[in-house]
Amino acid sequence: MAKNTLIVFSGDLDRAMAAMIIANGSAAMGNEVTMFYTFWGLNLLRKPEKVKVEKTFMDKMFGRMMPRGPEKAKLSKMHMGGMGTRMMKNTMTKKNVQTLPQLMESAQALGVKMVACTMSMDVMGITKEELIDDIEYAGVASYLAEADEGNVNLFV
Amino acid sequence: MAKNTLIVFSGDLDRAMAAMIIANGSAAMGNEVTMFYTFWGLNLLRKPEKVKVEKTFMDKMFGRMMPRGPEKAKLSKMHMGGMGTRMMKNTMTKKNVQTLPQLMESAQALGVKMVACTMSMDVMGITKEELIDDIEYAGVASYLAEADEGNVNLFV
Amino acid sequence: MAKNTLIVFSGDLDRAMAAMIIANGSAAMGNEVTMFYTFWGLNLLRKPEKVKVEKTFMDKMFGRMMPRGPEKAKLSKMHMGGMGTRMMKNTMTKKNVQTLPQLMESAQALGVKMVACTMSMDVMGITKEELIDDIEYAGVASYLAEADEGNVNLFV
Numbered sequence: 001m002a003k004n005t006l007i008v009f010s011g012d013l014d015r016a017m018a019a020m021i022i023a024n025g026s027a028a029m030g031n032e033v034t035m036f037y038t039f040w041g042l043n044l045l046r047k048p049e050k051v052k053v054e055k056t057f058m059d060k061m062f063g064r065m066m067p068r069g070p071e072k073a074k075l076s077k078m079h080m081g082g083m084g085t086r087m088m089k090n091t092m093t094k095k096n097v098q099t100l101p102q103l104m105e106s107a108q109a110l111g112v113k114m115v116a117c118t119m120s121m122d123v124m125g126i127t128k129e130e131l132i133d134d135i136e137y138a139g140v141a142s143y144l145a146e147a148d149e150g151n152v153n154l155f156v
Numbered sequence: 001m002a003k004n005t006l007i008v009f010s011g012d013l014d015r016a017m018a019a020m021i022i023a024n025g026s027a028a029m030g031n032e033v034t035m036f037y038t039f040w041g042l043n044l045l046r047k048p049e050k051v052k053v054e055k056t057f058m059d060k061m062f063g064r065m066m067p068r069g070p071e072k073a074k075l076s077k078m079h080m081g082g083m084g085t086r087m088m089k090n091t092m093t094k095k096n097v098q099t100l101p102q103l104m105e106s107a108q109a110l111g112v113k114m115v116a117c118t119m120s121m122d123v124m125g126i127t128k129e130e131l132i133d134d135i136e137y138a139g140v141a142s143y144l145a146e147a148d149e150g151n152v153n154l155f156v
Numbered sequence: 001m002a003k004n005t006l007i008v009f010s011g012d013l014d015r016a017m018a019a020m021i022i023a024n025g026s027a028a029m030g031n032e033v034t035m036f037y038t039f040w041g042l043n044l045l046r047k048p049e050k051v052k053v054e055k056t057f058m059d060k061m062f063g064r065m066m067p068r069g070p071e072k073a074k075l076s077k078m079h080m081g082g083m084g085t086r087m088m089k090n091t092m093t094k095k096n097v098q099t100l101p102q103l104m105e106s107a108q109a110l111g112v113k114m115v116a117c118t119m120s121m122d123v124m125g126i127t128k129e130e131l132i133d134d135i136e137y138a139g140v141a142s143y144l145a146e147a148d149e150g151n152v153n154l155f156v
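Protein chains in written order, with our numbering: chain A, 1 to 156; chain B, 1 to 156; chain C, 1 to 156.
It is possible that some hints are incorrect.
Copies of the same chain are indistinguishable here, so a pair counts whether it falls within one copy or spans any two.
Claimed, not checked - As a list, the in silico SDA-like pairs of lysine to any residue whose alpha-carbon atoms are at most 20 angstroms apart:
(1) LYS95 <-> ARG68
(2) LYS60 <-> ALA138
(3) LYS113 <-> VAL51
(4) LYS95 <-> GLY84
(5) LYS77 <-> MET66
(6) LYS72 <-> GLY82
(7) LYS52 <-> LEU110
(8) LYS60 <-> MET87
(9) LYS72 <-> ALA27
(10) LYS95 <-> LEU144
(11) LYS95 <-> PHE62
(12) LYS52 <-> GLY84
(13) LYS72 <-> LEU144
Worth flagging that the hints you see were computed from the coordinates, not collected in a lab.
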């Protein structure tokens, strides 16, 4: 059994989809897969609803400016004020490609380990209550230990 | 002999050049190199001329909005309405750096395997007739099998 | 002792920070780490002050348009004319996260090898005098030789 790790740095719809398609494919082949969500990627782990948490003014600002969950992710190119992203989503649905939220659920069902980068959480002022369930929390040392055992380690 | 794989996710001129320079360098050293073109990267494999194919309205729209071939690729930064990209191309030509189309040709001549991601083709409504010759077609499982044998696997 | 390589392609503040955090973490764990600065990433190695060098008109233009050193790096998202980048920097300082210039210094102190891509230097018309001290100079063949020995090789 091989081991794969993916650093999900980007929160863009297209990059996140690429990461999730690789993760699902790898897990389906019986591999052990770990995804580290860091920087903008952390937004993909946020619950879609607003969670009430005590925060500093700055942390509140960041929280409001950044998308909550995969449903809100935008294309890195051709977003075109929302039209391009909508077009792409429609097309994918018509062609029976799983949506990003579906891919994330299916990955979790397949046992893909999802890890939120605690340093990014701290910087962006995001708390555990705001993130989805069944994920883990760790820092760069933990990532490196896992990647060291992996043979396909990607930064997306 | 080592094996390298590159996922060419981006269709940007600068990222595509980086990928091609690595692929050419690696192949020249005698390594086995496979490049997987997916999402925006798929546009790099498109023939520069318009190919007549039956398509849905949506697929036609996508096809028209996205660049056909490496000649049309733009810088991810400092494109500046075309001026930056033109400047960069001129400079590279003056300094005897191979252009992106030349790098792609030379990679194929060196035996670099170019693979079009069939799922991306499906989503973007791109057919085999629209892509250049001497490439292969595969999905994520095929990528993972190759990357598993590789020791340098990059996502560009 | 494991070996890690990072291609620092991007000069964006967020991506550069991710690369540096991984590099510092890995070096602190006793690993051998090499960072290859190429394309926009090369700008991170530039001295902050203007260095007088004979250049062609084109090279001067490029030199002026691109940021000199990590202090000038901008966020890839939410830069918002400087406001977002400033906000993020302030937040990181308040939360005791090392700044990008500090991370680079600390990486060098930990023995991380920093390599400037000579081909990028040539294309951008950047000379050794304009880059910081204690770095090395090499091309893609040298990168590939090192990555071949590494087990975690990322393209950032």
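Quick rundown of the hints versus the structure:
In this assembly of identical chains, the alpha carbons of LYS95 and ARG68 never lie at most 20 angstroms apart, being 26 angstroms within a copy and 23 angstroms across copies at closest. When the C-alpha separation of LYS60 and ALA138 is checked against a cutoff of 20 angstroms, the pair qualifies neither within a copy, at 23 angstroms, nor between copies, at 45 angstroms. Taking the shortest Cα distances, LYS113 and VAL51 never come within 20 angstroms of each other, neither inside one copy (24 angstroms) nor across copies (44 angstroms). Within a single copy, LYS95 and GLY84 get their C-alpha atoms as close as 16 angstroms, which meets the 20 angstroms cut-off; across copies the closest is 37 angstroms, which misses it.
Taking the shortest Cα distances, LYS77 and MET66 sit within 20 angstroms of each other both inside one copy (18 angstroms) and across copies (10 angstroms). Taking CA atoms no more than 20 angstroms apart as the test, LYS72 paired with GLY82 passes inside one copy only; the shortest distance there is 10 angstroms, against 24 angstroms between copies. Neither within a single protomer nor between protomers do LYS52 and LEU110 lie at most 20 angstroms apart by alpha-carbon distance, with minima of 31 angstroms and 41 angstroms respectively. Taking CA atoms no more than 20 angstroms apart as the test, LYS60 paired with MET87 passes between copies only; the shortest distance there is 12 angstroms, against 31 angstroms inside one copy.
Taking CA atoms no more than 20 angstroms apart as the test, LYS72 paired with ALA27 passes in neither setting, with 25 angstroms inside one copy and 36 angstroms between copies. In this homomeric assembly, LYS95 and LEU144 never come within 20 angstroms of each other (Cα to Cα): the closest approach is 37 angstroms inside a single copy and 23 angstroms across copies. For the identical chains of this complex, LYS95 and PHE62 are inter-copy neighbours only, at 14 angstroms across copies versus 35 angstroms inside a copy, given an alpha-carbon limit of 20 angstroms. Neither within a single protomer nor between protomers do LYS52 and GLY84 lie at most 20 angstroms apart by alpha-carbon distance, with minima of 32 angstroms and 24 angstroms respectively.
In this assembly of identical chains, the alpha carbons of LYS72 and LEU144 never lie at most 20 angstroms apart, being 30 angstroms within a copy and 29 angstroms across copies at closest.
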